Amino acid sequence: MPVALVLRHLDIAHLGNLEAVLRDHGYDIRYVDVTTESPRDHPEADLVVVLGGDMGAYEKDAHPFLVGELAYLRDRLAAERPTLGICLGAQLIAEALGETVRKGKTVEIGFREVTPTEAGLDSPLRHVARVPMMQWHGDTFGLPSGAIRLASSGAYSNEAFALGDYALAVQFHPELTAEMYETWIVGGLDELAALEIKPDDLRRDALANGPAMQAASVAMFTEWLGAL
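In my numbering, the protein residues as written are 138 to 365.
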């Protein structure tokens, strides 16, 4: 049975609606809390999924575990082993490939459309075209050398990129479920207030866009897994 190692930075971040897709593809799913243990302590996985978190990839002094995680990802990507990065996970992949992650010009929170590039329309990202996807990030990075840009948003040019068929990085949250979103909203009330974002507006957007986003995300992830 193939193994999917899921690198977790927060207890409120998990695979969400992507978990069923992995199980349908026969994966044994194993979570690793990278804040307390190293992924190197686990046998080599067939797939690594790097989830989001509330820290920046550049906050290594405050979160020293990031140093080891980046080294692990650097080795894995050099070996062209299947790897998926979501939000912080995408940023860590970019940094592991030599880019600098930095604070962006704005924070994207809520459902926003991402626009696939020409290459993106010929990839699994085609499923998210014209579908508002949930965003919750304010960091960005340059396109890594050798990577192909797959999607952009109104605020950021690198919403998704790929390395061959083995690595996919997305800034948005294809894993999101309604239950996860509510947990994030409640946990992020101070940040939302500072940004003058009303929680009930996010909830209304989720009711309107959540089902289509989940369907598009499952289709995207299913196609990507099938090409590994």
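Read the hints as simulated data drawn from the structure, not as lab findings.
Incorrect hints may appear among the rest.
Pairs of lysine to aspartate or glutamate residues, derived as EDC-like cross-links and limited to a Cα-Cα distance of at most 20 Å, are as follows [as the list claims (entries may be wrong)]:
| no. | residue 1 | residue 2 |
| --- | --- | --- |
| 1 | Lys335 | Glu316 |
| 2 | Lys240 | Asp276 |
| 3 | Lys242 | Glu316 |
| 4 | Lys240 | Asp337 |
| 5 | Lys335 | Glu236 |
| 6 | Lys240 | Glu196 |
| 7 | Lys197 | Asp170 |
| 8 | Lys335 | Glu360 |
| 9 | Lys242 | Asp170 |
| 10 | Lys242 | Glu217 |
| 11 | Lys242 | Glu174 |
| 12 | Lys197 | Asp259 |
| 13 | Lys197 | Glu174 |
| 14 | Lys197 | Glu236 |
| 15 | Lys240 | Glu319 |
Per label pair, the in silico range of CB-to-CB distance [claimed, not checked]:
| no. | residue 1 | residue 2 | range |
| --- | --- | --- | --- |
| 16 | Ala215 | Pro180 | 29 to 35 Å |
| 17 | Ile149 | Arg341 | 36 to 42 Å |
| 18 | Val204 | Asp259 | 35 to 41 Å |
| 19 | Lys197 | Ser294 | 38 to 44 Å |
| 20 | Asp259 | Phe202 | 19 to 25 Å |
Only a predicted model underlies this, so the values are computations on that prediction, with no experimental measurement involved.
We put the CB at the ideal spot given by N, CA and C, even for glycine.
(Q) Of the numbered hints stated earlier in the document, which are not met by this structure? (A) Violated hints: 3, 4, 5, 8, 9, 10, 11, 12, 15, 16, 17, 19, 20; rest satisfied.
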